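Novice: Below are the chains, spelled out letter by letter.
There are 2 protein chains.
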Amino acid sequence: MHTDRRTIIQAAAVLPLSAIGASTAFAQASTTTSAAAPAKDVTRTLARYLVTASYDDLPANVRKEGTRTLLNWVGVAIGGSRHETVDIAVSALSPFSGPQQASLFGRRERFDIMNAAFINGVSSHIFDYDDTHLKTIIHPAGPVASAILAFSEMQPVSGKEFLNALVLGVETECRIGNAVYPNHYDVGWHITGTAGVFGAAAAVGKLLKLSEQQMTWALGLAASQPVGLRESFGSMNKSFNPGRAASSGIFAAVLASKNFTSSEAMIEAKRGWANTISTKQDYNEILGDLGKRYEAALNTYKPFACGIVMHPAIDAAIQLRNENKLTADQVERVDLKVHPLVLELTGKKTPQQGLEGKFSIYHAVAVAIVEGAGGEKQFSDRAVTDPTVVSLRSKVVPVVTPGIKPEQVDMTIVLKDGRQLHRHIEHAIGSLEVPMTDKQLETKFSDLADGIIPAVMIRRIMDACWNVESLPSAAEIAKMSASA
Amino acid sequence: MHTDRRTIIQAAAVLPLSAIGASTAFAQASTTTSAAAPAKDVTRTLARYLVTASYDDLPANVRKEGTRTLLNWVGVAIGGSRHETVDIAVSALSPFSGPQQASLFGRRERFDIMNAAFINGVSSHIFDYDDTHLKTIIHPAGPVASAILAFSEMQPVSGKEFLNALVLGVETECRIGNAVYPNHYDVGWHITGTAGVFGAAAAVGKLLKLSEQQMTWALGLAASQPVGLRESFGSMNKSFNPGRAASSGIFAAVLASKNFTSSEAMIEAKRGWANTISTKQDYNEILGDLGKRYEAALNTYKPFACGIVMHPAIDAAIQLRNENKLTADQVERVDLKVHPLVLELTGKKTPQQGLEGKFSIYHAVAVAIVEGAGGEKQFSDRAVTDPTVVSLRSKVVPVVTPGIKPEQVDMTIVLKDGRQLHRHIEHAIGSLEVPMTDKQLETKFSDLADGIIPAVMIRRIMDACWNVESLPSAAEIAKMSASA
Chain A
513 MHTDRRTIIQ AAAVLPLSAI GASTAFAQAS TTTSAAAPAK DVTRTLARYL
563 VTASYDDLPA NVRKEGTRTL LNWVGVAIGG SRHETVDIAV SALSPFSGPQ
613 QASLFGRRER FDIMNAAFIN GVSSHIFDYD DTHLKTIIHP AGPVASAILA
663 FSEMQPVSGK EFLNALVLGV ETECRIGNAV YPNHYDVGWH ITGTAGVFGA
713 AAAVGKLLKL SEQQMTWALG LAASQPVGLR ESFGSMNKSF NPGRAASSGI
763 FAAVLASKNF TSSEAMIEAK RGWANTISTK QDYNEILGDL GKRYEAALNT
813 YKPFACGIVM HPAIDAAIQL RNENKLTADQ VERVDLKVHP LVLELTGKKT
863 PQQGLEGKFS IYHAVAVAIV EGAGGEKQFS DRAVTDPTVV SLRSKVVPVV
913 TPGIKPEQVD MTIVLKDGRQ LHRHIEHAIG SLEVPMTDKQ LETKFSDLAD
963 GIIPAVMIRR IMDACWNVES LPSAAEIAKM SASA
Chain B
513 MHTDRRTIIQ AAAVLPLSAI GASTAFAQAS TTTSAAAPAK DVTRTLARYL
563 VTASYDDLPA NVRKEGTRTL LNWVGVAIGG SRHETVDIAV SALSPFSGPQ
613 QASLFGRRER FDIMNAAFIN GVSSHIFDYD DTHLKTIIHP AGPVASAILA
663 FSEMQPVSGK EFLNALVLGV ETECRIGNAV YPNHYDVGWH ITGTAGVFGA
713 AAAVGKLLKL SEQQMTWALG LAASQPVGLR ESFGSMNKSF NPGRAASSGI
763 FAAVLASKNF TSSEAMIEAK RGWANTISTK QDYNEILGDL GKRYEAALNT
813 YKPFACGIVM HPAIDAAIQL RNENKLTADQ VERVDLKVHP LVLELTGKKT
863 PQQGLEGKFS IYHAVAVAIV EGAGGEKQFS DRAVTDPTVV SLRSKVVPVV
913 TPGIKPEQVD MTIVLKDGRQ LHRHIEHAIG SLEVPMTDKQ LETKFSDLAD
963 GIIPAVMIRR IMDACWNVES LPSAAEIAKM SASA
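Just so you know, the sequences run in chain order A and B. Whatever position you read off the first sequence (first residue = 1), add 512 for this note's numbering. Whatever position you read off the second sequence (first residue = 1), add 512 for this note's numbering.
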């Protein structure tokens, strides 16, 4: 059934003759039937790529970044698993869950794969500490890894298949995100949820071995379920978004696998996804150099559990602390040259609660010097009320300085003995220019999983993530990550 | 946590320092923090209305229209239940369904309430034969009735509670739809799915007895899950949309009932639903005269299983046929004065399949004269190949005539004996001006359920719908409507 036919069907079906004037009705129908020629075959070409792309096609650096994406995601999913938000989701959805097909990371309960993917997706985003595709601010792993880790417990998936699906899912959502960013994000959409559902559908569709036609429909059903608005930021609803993108993506792929049909051109058609949801559409971002250029290779990971605006200062503080074996009692003053955003967003001088600490450059620098870290533990109620940290934060003096970019900081620690320690940060750790090392990712993982998963098991899970390509079954990772 | 705080949290969390230039980053953050004052308390005021509105507040005409909405919906849900689309949904979702909490209308399977609501919502929209709120082209019952009929099988719901929830759900989605129509629909959204999820969340939230705060969050979680694009029209994806609106609305309400939080102002905030999803926002449509003006009283029902553009001609043909006991062999010619849309949308002269018949004014008029009806059976493969109908359709002569409005038709049937039978239709049956009678709704119901539900049971279901207010348990309707 081609487009003209469908257009006509619909115009005939919906026209509200008796409620609106004739001229209005005619204008609407005319608009409907005189649609401009749409961009061609975007959805189908993407679908064709997805069904044909194999693990063997993946360059080594992309495979490597895939394992880092996986390891980082598992860490944050375990780390968030005891949060009240997850408790609520588990409690609310238990009465409706299907068979206990899949694990919850860091917990004992099991759910059907759609509900498990939702809850794990929520868990992985609670601390805002997950991965980031910086060009779009998409957090790619949430929708995709949540979906395919759950799926892999229901149906056998080899490690190679898994990694390929993970990369393809991330690739799909980031490319679709690129096509509509920044307009789409600026207007109010939480792009992780709106683009993420495509990523989840593509990845699960790959594991379901969909045909090109079925994959086209899966992308269409995904397009029908965008998730998330920026207005929800600051509430549990923010974490809801990657979770729901994961479960709705599975929903799309599963229906398509039984030939539940959709449009052939849902992404690019005149009244399809990109035109409806954004004022910018750059389809070359979706189709250009497929299989050659990999957005999935551009993923980044947060070293610190707070907004990126404070990362340069925390990075500088930790470097100077470690290099000089600094203790708080040595410090007279910390001078910071910063971009205006730092004070605008994180100018809170005397935070009383852990969450408030995430909006205090004074606390962040002080705790980094005292504890040599900026993880979730450094933004706890304990940390912001620690007397040593409280005392030191009053000595932090940020000054807005022309010429300092947001990604930069210039720090001088003045010691009581008169020495001055200086560090200029051009790009903080965790950026594309200075990526976190594998070792740093492991430390982050261990800190997050500490107290939830036994240390010996933490080691095993990390090894399984690094070696995912050689696993006979990717389900091992999910099973090990459930709380014993 | 008030808005400024949330805005700051997010700006800090997402700023991609290393990937975008400093000036871009700053401009984005500045935009984020200098949001214009939004419309005030729309979501919360609506939530307050929903949690306080009681059955006793409903005017008699609204209660009556609610029962008609219910009866019509049950008929179309049963009627669509054997369609391939439903078979596929059942097959695809069976492996993931939770406890067998709720019935499928017209079928034997049982699913958890979210999946049951999805499948019943799909079933009710397959023939495009469900109810229509003509101001917005929303099909109101699909998302709402699907959700609360399933819910009523899980938890006791009296008939009065049920009818109140149905009306409030319809009211919510139609008011929210009014606020953004037509821009929202014009740009490409399938408004039944985007507004419908609010209706389902509100109605289920009412049955869950949510607090005002919880209802505010339920509406926020609903806002995070708009469903459906017009590009999908003509595929199974169109029916997907009311179904998914129903299940996602339940999902929102169930999470909110356990205090899963959202924004306080998800509908009206600067980066909330209405601003993100439409260029028009008229909040008075949502809040004006709540509890006095009822959109739910303006619901309409299709008498004929095809696009509204052909309804005036079918109406005229049936009237003249019945009044004159007309048979096909008496007819020399049928002259029709029509609006241009009729030929533009339904100009197919020789349909070969039932579906094509829906786009043939020639077939529609012929079969109406031969069979005195325009139901799903009159648009079957059987009907379009019936020799008597095929012969008669060649005698139908539609002429585009200036001055004829889309809701009008002027028909003259010239008989072989020289007589001329004339009928001018100002508003077709099924419009707001000439609503279907209860008796006509029953005939439509019976035709749809024939062959699926035994006749004696059809009578009982219709009686239960008419008398829903006196039912101790609304679940009776769903239980009776499952196939034995």
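No wet-lab data here; the hints were simulated from the structure. Since we're looking at a predicted model, the values are computed, not measured. Check each hint, because a few of them may be wrong.
As the list claims (entries may be wrong) - One-sided and incomplete, this derived list gives chain B residues near chain A with beta-carbon spacing under 7 Å:
| # | residue |
| --- | --- |
| 1 | Ser603 |
| 2 | Arg894 |
| 3 | Val911 |
| 4 | Pro914 |
Unchecked claim - In silico contact screen, one side only, chain A against chain B (beta carbon under 7 Å); selected entries:
| # | residue |
| --- | --- |
| 5 | Asn695 |
| 6 | Gly732 |
| 7 | Phe772 |
| 8 | Met778 |
| 9 | Ala781 |
| 10 | Leu855 |
What the hints assert, rightly or not - Over the 10 Å line for every Cβ pair with chain A, so calculated as not near, a few chain B residues:
| # | residue |
| --- | --- |
| 11 | Ile600 |
| 12 | Lys782 |
| 13 | Gly784 |
| 14 | Lys792 |
All residues carry an ideal CB built from backbone N, CA and C; glycine is no exception.
Novice: For each hint, tell me whether it holds in the structure or not.
Specialist: Outcome of the hint check:
no.	hint	verdict
1	Ser603	holds, 5 Å
2	Arg894	violated, 20 Å
3	Val911	violated, 17 Å
4	Pro914	violated, 11 Å
5	Asn695	violated, 11 Å
6	Gly732	holds, 6 Å
7	Phe772	holds, 5 Å
8	Met778	holds, 6 Å
9	Ala781	holds, 4 Å
10	Leu855	violated, 11 Å
11	Ile600	violated, 5 Å
12	Lys782	violated, 7 Å
13	Gly784	violated, 4 Å
14	Lys792	holds, 14 Å
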